[in-house]
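For the protein sequence lines, the chains are A and B, in the order given. In this text, residue positions in the first sequence follow my numbering: the first is 317, and each later residue adds one. In this text, residue positions in the second sequence follow my numbering: the first is 8, and each later residue adds one.
Some clues are possibly wrong.
With a cut-off of at most 35 Å between alpha-carbon atoms, the simulated DSBU-like pairs for lysine-lysine come out as follows [said to hold, decoys possible]:
| # | chain 1 | residue 1 | chain 2 | residue 2 |
| --- | --- | --- | --- | --- |
| 1 | A | LYS386 | A | LYS342 |
| 2 | A | LYS385 | A | LYS372 |
| 3 | B | LYS64 | B | LYS20 |
| 4 | A | LYS386 | B | LYS64 |
| 5 | B | LYS64 | A | LYS342 |
| 6 | A | LYS385 | B | LYS20 |
| 7 | A | LYS342 | A | LYS372 |
| 8 | B | LYS64 | A | LYS372 |
No lab work stands behind these hints, which were simulated from the structure alone. Remember, it's a predicted structure, so these values are computed and weren't measured experimentally.
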Amino acid sequence: SQQGEEDPQALSIQEGENATMNCSYKTSINNLQWYRQNSGRGLVHLILIRSNEREKHSGRLRVTLDTSKKSSSLLITASRAADTASYFCATDAGGHDGSRLTFGEGTQLTVNP
Amino acid sequence: KAGVTQTPRYLIKTRGQQVTLSCSPISGHRSVSWYQQTPGQGLQFLFEYFSETQRNKGNFPGRFSGRQFSNSRSEMNVSTLELGDSALYLCASSLAGGYTDTQYFGPGTRLTVL
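So here's chain A without its partners, still in its complex pose (with noise of 0.2 Å):
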């Protein structure tokens, strides 16, 4: 079963808007990474955010992460076309024994031309 639960499901956004996509999860994590895949494809990596950093950003990425609460956030600013694709929050609750990611259902974000 699945960790965490994302929401909104789908998001349908114009070109220019801002996207946020939301990720809650029920375990104590170690980190959270955010992964983007176009059509069945591959996962590409994002963002990771370890338990203990509260907010992170990348280029156009700004996620944030409550631990209290069991969330995180994924900002997309400036949205653009090639943002389209699903994206996915993973937890990872390994420890030095190595790791294993456990996935959020997913956010289909649409961005209009």
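Following the hints, complete the assembly by docking chain B onto the known chain A.
Relative to the frame of chain A, chain B by itself:
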């Protein structure tokens, strides 16, 4: 640096057959993980290998198995295929698989079971 590669990219099998999928990690990466993606169950963890040893295992039946070679390349085998095994199988590699490591995914193998 070349990314994670998976072969074959597409595969069609019939029920009862077995299949072997291959994954070559990024050079220098020693941890390889496998995931199954289906429309109904989403992305689910299968297993992780590090230094030729299975270190973590997900909740899949024994028909799903894997191994890792000394050069870190990994194979995944599914025996006695069932229709429900139709899925996109993704492989990911990382330096050591620790919780600070980023997992880099390959393009996946699309398996169709008829």
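**OP:** Quick one: which hint numbers does this structure break? Sort them smallest to largest.
**Re:** 6
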